[in-house]
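Visitor: In case you want the letters, here they are:
Protein chains: 2
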Amino acid sequence: MGSLLLVVSGPSGGGKSTLIRSLLKRRPFHFSVSHTTRAPRPGEKEGREYYFVTKDEFQRMDKAGELLEWEEVHGNFYGTSKAEIQRLMALEEDILLDLDVKGSLHLKRLFPRAVTLFVTPSRLIPLEERLLKRGEEEWKRRMASVKEIMAALPRFDYLIVNDDLADAEQTIYSIVVAESHRAPEGKEGEAFLERFYQQ
Amino acid sequence: MGSLLLVVSGPSGGGKSTLIRSLLKRRPFHFSVSHTTRAPRPGEKEGREYYFVTKDEFQRMDKAGELLEWEEVHGNFYGTSKAEIQRLMALEEDILLDLDVKGSLHLKRLFPRAVTLFVTPSRLIPLEERLLKRGEEEWKRRMASVKEIMAALPRFDYLIVNDDLADAEQTIYSIVVAESHRAPEGKEGEAFLERFYQQ
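Line by line, the protein sequences give chains A and B.
Note that the working numbering has the first sequence beginning at 71, numbered continuously upward.
Note that the working numbering has the second sequence beginning at 71, numbered continuously upward.
Careful: at least some of the hints might be erroneous.
For chains that are exact copies, the list does not tell them apart, and a pair is met inside one copy or across any two.
What the hints assert, rightly or not - Here are the simulated DSBU-like cross-link-like pairs (lysine-lysine), alpha carbons at most 30 Å apart as the crow flies:
id, residue 1, residue 2
1, Lys172, Lys257
2, Lys115, Lys210
3, Lys257, Lys217
4, Lys125, Lys95
5, Lys178, Lys203
6, Lys210, Lys125
7, Lys217, Lys203
8, Lys178, Lys257
Simulated from the structure, these hints should not be mistaken for lab results.
Note that this is a predicted model, so its numbers are computed, not measured.
Work the whole structure out from these sequences, hints included.
Guide: Next comes the structure, spelled out in structure tokens:
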């Protein structure tokens, strides 16, 4: 029934990372490794936490269209390369990606079988509260993009309303189970029918 | 996030009815009632399992274009009336349909938002055993159509392999939960965003 290509997105502070960590405890996924221009921290290993590149190399990758998405955080660049996605897809195992909204929709255009999940609280208020904990300057910057992010919601496959973590965990897990049971097509469908008729 | 239009199909003897009964215990659905010309079995009630009609009445309905789909099985006619589907859809609540493969795919063409489920054991052998319990003549007749039914599998949305009932129950329930979390579009999307920004 094929491997999953799951993409999780949504506004910052919406509890996306917690939800992803929780899902990974219930079910293994290959997780994409991003490129970054920031220096490795002690214990970080090239190709495990990140691919560490120079700003020149990062800009070259961006100009060459090699990046699905990128963002600048505190003067450092972070991005997901198309080559990384292709490396993971070649493994033919389940993949989980944490991308921004533009990156998610970009990926969906490149790979229509990608399953895109939008994670958000049902109301702006708890989102503001969580963002405020990160400091007011950060809050201002992030709130500016919330409207743009939220407007992309109808273009996603699924909406996970993360007001209650246990509920949201159950929902994301149900989506994973459901999407793992897509009817097999092409060669997979033929293989299923072949096994079906075997005595 | 809209009401569900769930369609369950698959080969006879695949445990579809048991699975549907089990799902209905966990979650309420409006269930379409088919018209049939076959005689009621012990315990079956008019308007619950079927609408029991004469062959003349059934043919009148067919000629009048009142049937969404119909099939002849062993000399008996089974059909789902358009009026029944329209009645259910007007309720704007979750609907569960148990249709034959052709009817399922027909419905999917008419209503692309329909979610089609194909239920089958992974191997022909248990299917044969279950069908044999219904008598050898019945078995021969039904086996003749199994190949045609199975060939339609890749055109369905989901495959539920019903080798283990508890597994299959969990899968169908997960699909229902997942499909209940489709990202809202159009007016539903607007309504979600309006609530989101409300102070």
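Visitor: How do Lys178 and Lys257 come out at 30 Å by Cα distance, when the copy is not named: within, between, both, or neither?
Guide: For Lys178 and Lys257, both the intra-copy (23 Å) and inter-copy (23 Å) Cα distances are at most 30 Å.
Visitor: I want to check one pair: Lys125 and Lys95. Are their C-alpha atoms no more than 30 Å apart within a copy, between two copies, both, or neither?
Guide: Neither: 33 Å inside a copy, 57 Å across copies.
Visitor: At most 30 Å between alpha carbons: which applies to Lys210 and Lys125, within, between, both or neither?
Guide: Within. Shortest intra-copy distance 24 Å satisfies the 30 Å Cα cut-off; inter-copy 71 Å does not.
Visitor: Measure nothing new, just compare the shortest in-copy and cross-copy C-alpha distances for Lys257 and Lys217 to 30 Å and report within, between, both or neither.
Guide: between (43 Å within a copy, 17 Å between copies)
Visitor: Checking an output row: Lys172 and Lys257, CA cutoff 30 Å. Within, between, both or neither?
Guide: Result: close only across copies, 22 Å inter versus 32 Å intra.
Visitor: Can you tell me if Lys115 and Lys210 fall within 30 Å by alpha carbon in one copy, between copies, both or neither?
Guide: within (28 Å within a copy, 63 Å between copies)
Visitor: First find the shortest C-alpha distance between Lys178 and Lys203 inside one copy, then the shortest across copies, and answer within, between, both or neither for a cut-off of 30 Å.
Guide: neither (32 Å within a copy, 48 Å between copies)
Visitor: At most 30 Å between C-alpha atoms: does Lys217 with Lys203 qualify within a copy, between copies, both, or neither?
Guide: within (20 Å within a copy, 61 Å between copies)
Going through the hint list in order, the structure does not satisfy hints 4, 5.
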